[in-house]
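Colleague: Numbering (mature numbering (1 follows the signal peptide of the UniProt record, and there is no 0)) for the sequence shown: -25 to -1, 1 to 359.
Note that these hints are calculated values from the structure, not bench results.
We treat Cβ as the ideally placed atom computed from N, Cα and C, and that holds for glycine.
Treat the hints with care, since some could be wrong.
Computed beta-carbon distance windows for the label pairs [stated by the list, open to error]:
(1) Ala25 with Lys342: 41 to 47 angstroms
(2) Asn333 with Lys116: 37 to 43 angstroms
(3) Thr122 with Asn88: 21 to 27 angstroms
Restricting the straight-line Cα-Cα distance to at most 20 angstroms, the calculated cross-link-like pairs of lysine to any residue (SDA-like) are [to be verified]:
(4) Lys178 with Lys278
(5) Lys314 with Ala185
(6) Lys189 with Lys216
(7) Lys137 with Lys34
(8) Lys278 with Ser259
(9) Lys329 with Lys178
(10) Lys221 with Gln281
(11) Lys329 with Ile141
(12) Lys34 with Val59
(13) Lys353 with Gln159
(14) Lys353 with Asn88
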Amino acid sequence: MKQIKKRLLLFVAVLAMVLPLVTFAKPTTATTVSAATTSKNITVTDEAGAKVTVPKNSKRIAVVGIWPFSAVVTTFFNSADRLVYMPEASMTAAKNGLLGELYPNITKVKTVNDNGGSTINTEELKKSDPDIVFYPAENPKVKQQLTQAGFNAVGVSVGKWKGNTIETLNNWYGLLSKLYPNRQNRAKVVKNYSDKMYARVQKQVKTIPASKRKSVFILHQYTASTITSGGKASFAAYWAKAIGAKNVANTAGKGNAMPVNAEQVYKWNPQVILVTNFTTAQPSDLYNNKIGNTDWSKVQAVKNKQVYKMPLGMYRSYTPGVDTPLTLMWAAKTVYPSKFKNVNMVQEAKTYYKKAFNVTLTTKQAKAIFNPTSAAGKSATSTN
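Please take these sequences and the hints and turn them into a complete structure.
Modeller: This is the structure we're talking about:
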């Protein structure tokens, strides 16, 4: 009997030691798991190389300075509902391109003239109460201004990939995928399509000998007093190289919006001129010398009627943007039509929009991409 009592007391003593461990250990484990799964923030490395922590699934998005990025955000979510603040120049493109037509809610977003991101009115920005603010990664002063004002600032780079519009676009969608990991498929689809489009173009142009590569001048901005283009390591340089052509302005210096003069253009005498949507100028303005005192009749591209307005779908296509893969094929076909005679750009646009964004374009909408009006050139006085 005494032996049984001793064993019973020993069992009770052991139970008394074990129960607290069981009782308190389980809630601790549950709390740890809960904290990991219900964390309200996410930390990523942005394109300025900084680790940034922002709210998970941020629902209120502001864009300052990076003009093409509002369209990228919209197509990433297939909705403009998360945008609360964007540059005025982005809105001009949206209203005069497909973005405003396909996503009409974007026209309700608050806009501001931010001078390409160099001027940020933080008090005005606060009124929009953004969860996250995308800013130009190349401008640390803007980041400082935003963070000091209490905003969650995420850097988006325009120049990190040295003018390579395909790589830039792929990384923009990639950045959004890191911030919104449940939507990674969009970035994968766009990257896959972009890479395939690039490969298709390279297959046709890689065999063009250096002596046969056409000279191209990209007219970035054109007014009565200003002519700008892109030099080395610019978007212009990338477009020319990617389609097997020569960017004549490479010899003039660097920059996406580099001032040049008429005498330089006469000397370069390009075979093809591509006119961006950062200017209201149309090919007819060069054919008929309608702007300023520049006599374009001296240039062989004008003599041979080889001046073309660049596409405008979701945004101005000179920069990286939603339509970059289409712009690449369009530029290649425009400069070397015989090598791409079987390419139908209207069908290419329909296929791309459907595969990448699940948007069904009408034939009229697809054609409009390649026949932009002058209106988008207004309020567009930046390199963005």
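Colleague: Against each hint, give a clear statement of whether it holds in the structure.
Modeller: So, going through the hints one by one against the coordinates:
1. Ala25 with Lys342: 41 to 47 angstroms: holds, 43 angstroms
2. Asn333 with Lys116: 37 to 43 angstroms: At roughly 39 angstroms between Cβ atoms, Lys116 and Asn333 fall inside 37 to 43 angstroms, so the hint holds.
3. Thr122 with Asn88: 21 to 27 angstroms: Holds, at about 23 angstroms.
4. Lys178 with Lys278: Measuring from Cα to Cα gives roughly 30 angstroms; hence the hint is violated.
5. Lys314 with Ala185: Distance ~16 angstroms between Lys314 and Ala185 Cα, so the pair holds.
6. Lys189 with Lys216: Holds, at about 10 angstroms.
7. Lys137 with Lys34: violated, 31 angstroms
8. Lys278 with Ser259: holds, 12 angstroms
9. Lys329 with Lys178: violated, 24 angstroms
10. Lys221 with Gln281: The given pair, whose Cα atoms are some 15 angstroms apart, holds under the 20 angstroms limit.
11. Lys329 with Ile141: Given that 20 angstroms is the threshold and the Cα spacing comes to 19 angstroms, the pair holds.
12. Lys34 with Val59: holds, 9 angstroms
13. Lys353 with Gln159: With a Cα-Cα distance of about 35 angstroms, the restraint between Lys353 and Gln159 is violated, given a limit of 20 angstroms.
14. Lys353 with Asn88: holds, 12 angstroms
Comparing the model with each earlier hint shows violations of hints 4, 7, 9 and 13; every other hint is respected.
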